[in-house]
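Enquirer: All chains, please: the whole structure from these sequences, using the hints.
Protein chains: 2
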Amino acid sequence: MLTGKHVVIMGGDARQLEIIRKLSTLDAKISLIGFEQLDDGFIGVTKRKVDELEWDAVDAILLPISGTDGKGEVETIFSNEKIRLTDEQVKKTPKHCILYSGISNHYLDACVNKTKRKLVKLMERDDVAIYNSIPTAEGTVMMAIQHTDFTIHGANVAVLGLGRVGMSVARTFAVLGAKVKVAARDSHHLARITEMGLIPIHTSSLITELKDVDLCINTIPAPIITANVLAEMPTHCFIIDLASKPGGTDFRYAEKRGMKALLAPGLPGIVAPKTAGKILADVLTKLLDEEK
Amino acid sequence: MLTGKHVVIMGGDARQLEIIRKLSTLDAKISLIGFEQLDDGFIGVTKRKVDELEWDAVDAILLPISGTDGKGEVETIFSNEKIRLTDEQVKKTPKHCILYSGISNHYLDACVNKTKRKLVKLMERDDVAIYNSIPTAEGTVMMAIQHTDFTIHGANVAVLGLGRVGMSVARTFAVLGAKVKVAARDSHHLARITEMGLIPIHTSSLITELKDVDLCINTIPAPIITANVLAEMPTHCFIIDLASKPGGTDFRYAEKRGMKALLAPGLPGIVAPKTAGKILADVLTKLLDEEK
Chain A
-13 MLTGKHVVIM GGDARQLEII RKLSTLDAKI SLIGFEQLDD GFIGVTKRKV DELEWDAVDA
47 ILLPISGTDG KGEVETIFSN EKIRLTDEQV KKTPKHCILY SGISNHYLDA CVNKTKRKLV
107 KLMERDDVAI YNSIPTAEGT VMMAIQHTDF TIHGANVAVL GLGRVGMSVA RTFAVLGAKV
167 KVAARDSHHL ARITEMGLIP IHTSSLITEL KDVDLCINTI PAPIITANVL AEMPTHCFII
227 DLASKPGGTD FRYAEKRGMK ALLAPGLPGI VAPKTAGKIL ADVLTKLLDE EK
Chain B
-13 MLTGKHVVIM GGDARQLEII RKLSTLDAKI SLIGFEQLDD GFIGVTKRKV DELEWDAVDA
47 ILLPISGTDG KGEVETIFSN EKIRLTDEQV KKTPKHCILY SGISNHYLDA CVNKTKRKLV
107 KLMERDDVAI YNSIPTAEGT VMMAIQHTDF TIHGANVAVL GLGRVGMSVA RTFAVLGAKV
167 KVAARDSHHL ARITEMGLIP IHTSSLITEL KDVDLCINTI PAPIITANVL AEMPTHCFII
227 DLASKPGGTD FRYAEKRGMK ALLAPGLPGI VAPKTAGKIL ADVLTKLLDE EK
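Which chain is which? The protein sequence lines are A and B, in order. Note that the working numbering numbers the first sequence so that position 223 is 209, with each residue one more than the last. Note that the working numbering numbers the second sequence so that position 142 is 128, with each residue one more than the last.
It is possible that part of the hints are untrue.
It does not matter which identical chain is used: a pair holds within one copy or between any two.
Unchecked claim - Subject to a maximum C-alpha distance of 20 Å in a straight line, what follows is the list of computed SDA-like cross-link-like pairs (lysine to any residue):
1. K15 / V76
2. K33 / L3
3. K165 / K264
4. K107 / G56
5. K264 / H133
6. K264 / T134
7. K260 / H133
8. K264 / G140
9. K260 / T221
10. K165 / E195
11. K231 / E241
12. K260 / M245
13. K272 / E110
14. K264 / Q132
If you are wondering where the hints come from, they were derived from the structure by calculation, not from laboratory data.
Expert: So this is what it looks like as structure tokens:
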């Protein structure tokens, strides 16, 4: 239980609703900023304005997954007002107050540095990334079915990278009946790919290894599907780039060659906001509970 | 090889292109009716008008998957002209001429009865139905991801029927991590469901067994998801009805209860026309080859 904990939730999207629901069930005191248009009634939850909040009694501040923008503004889909996180607000909080966000940027890093508060970047945690790889893989499956005229079953699929997302995506396409090859560099990754019954290829030989693929899914956040690689791939090959912006694909060259290539970050929040919210809610409540 | 065979293809959609490609590769003589707007050039293929065709030299007539309408008209996406199959045309063909279509109707049944020709309904063949269940299952996965805010992974899924489509759908959702129960009536189906590691339920106990499902996929072509069953299901449950029109769901009551329910027949031609065309092309060429 989180009885006595005061959590401020500043902005967000549908995922925040699952977090609010869970924190409310666990008896936390919740102040919502930037949620005027939210109709749902939760127990122990109050909608507040930034300037009427008792910052000195706040134990945790939850920002949106996107954190803040360069000027400290936070996104919210539940309000038309501008919501901003400032050093002044954070300074007023007790020293044990922790900030939680999905990712960080210069503004947020500077804010926690100046105010000497701890910032937890939820999306950088291994557990969150692995749980999130489930909706990411499903979103990738959805895109593959939508954007091609062939079935995943029987298709030649290449997955680039065997990280937290790559492993889930490779496994998912394999169980759907695709012939999956996975590109990696580390020898223990190549061993794991073999153990999974998939075809291991080395990232250094993409030019020769991607000649027969119908679908190519990249998870490596570096320029990997270069013009040289694209030039040897079949033009009907559909590329889904899951790496964070700007992705690992030379999109300009892909378009020039008439190949369909899409950058698809943030799939969990799009295809399964409820599950994505639950993932965050579960990890967040565990972290809040540990901080007691 | 199909050298010397003269096949008339009357109307159709993208799936016909795969059939034309394959028959052309196998050296058949192909006459296309209703394909004026098709630009692709295939070897051995001629575009013809109904009245200029030498019907007495035709070995096979391929109709669209939908067959004809009640007046003998065939659908085509490659022409604006009305194309009609008549008894007179069929009468002119040699006695060994066989008609192929996806399904039949009164008009087509009457036509082959009067002219004493054989009609092969491709969609009623077990092999075609099983091959087609692959794109059907993938289309169902796509719909489930698109229309819900949770992941298939971890969801409670009910599949009604363990026929040719039901088995593929159940297996597909299970490998994606769903908790799958399958409803059937026959004891050997219930045994197979158990063998597959899924939860068997009897179709007679749907009222009690569907109380906790997030996703319900029907493949039984009979009124099975009745108002009584719907009344006990969670309102967030999404229903995908794959049974042929009018499906097995009381859609009126589902809507009244605020439940999302979609009838989704013909998924292979929608989500994977190329694969669906290849399936038909493979079976058709095998049948034509056997008829030699």
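Enquirer: Each hint: holds or not?
Expert: Against the structure, the hints come out as follows:
1. In this homomeric assembly, K15 and V76 come within 20 Å of each other (Cα to Cα) only inside a single copy, at 18 Å, whereas the closest approach across copies is 79 Å.
2. Only within a single protomer do K33 and L3 lie at most 20 Å apart by alpha-carbon distance; the minimum there is 13 Å, versus 60 Å between protomers.
3. Within a single copy, K165 and K264 get their C-alpha atoms only as close as 32 Å, which misses the 20 Å cut-off; across copies the closest is 18 Å, which meets it.
4. With identical chains, the CA atoms of K107 and G56 are at most 20 Å apart within one copy only, with a shortest distance of 17 Å there and 64 Å across copies.
5. Only between protomers do K264 and H133 lie at most 20 Å apart by alpha-carbon distance; the minimum there is 18 Å, versus 29 Å within a single protomer.
6. In the homo-oligomer, the alpha carbons of K264 and T134 lie at most 20 Å apart only across protomers (14 Å), although the nearest pairing inside one protomer, at 31 Å, exceeds that limit.
7. Within a single copy, K260 and H133 get their C-alpha atoms only as close as 25 Å, which misses the 20 Å cut-off; across copies the closest is 12 Å, which meets it.
8. In this assembly of identical chains, K264 and G140 lie within 20 Å of each other by CA distance solely across copies; the values are 12 Å between and 34 Å within a copy.
9. Proximity of K260 to T221 under the C-alpha cut-off of 20 Å is restricted to the inter-copy arrangement: shortest distance 16 Å between copies versus 36 Å within a copy.
10. For the identical chains of this complex, K165 and E195 are intra-copy neighbours only, at 13 Å inside a copy versus 36 Å across copies, given an alpha-carbon limit of 20 Å.
11. For a Cα distance limit of 20 Å, the shortest separation of K231 from E241 inside one copy, 17 Å, qualifies, whereas the shortest one across copies, 41 Å, does not.
12. When the C-alpha separation of K260 and M245 is checked against a cutoff of 20 Å, the pair qualifies only between copies, where the shortest distance is 18 Å, while the shortest distance within a copy is 33 Å.
13. Proximity of K272 to E110 under the C-alpha cut-off of 20 Å is restricted to the intra-copy arrangement: shortest distance 16 Å within a copy versus 54 Å between copies.
14. Only between protomers do K264 and Q132 lie at most 20 Å apart by alpha-carbon distance; the minimum there is 18 Å, versus 26 Å within a single protomer.
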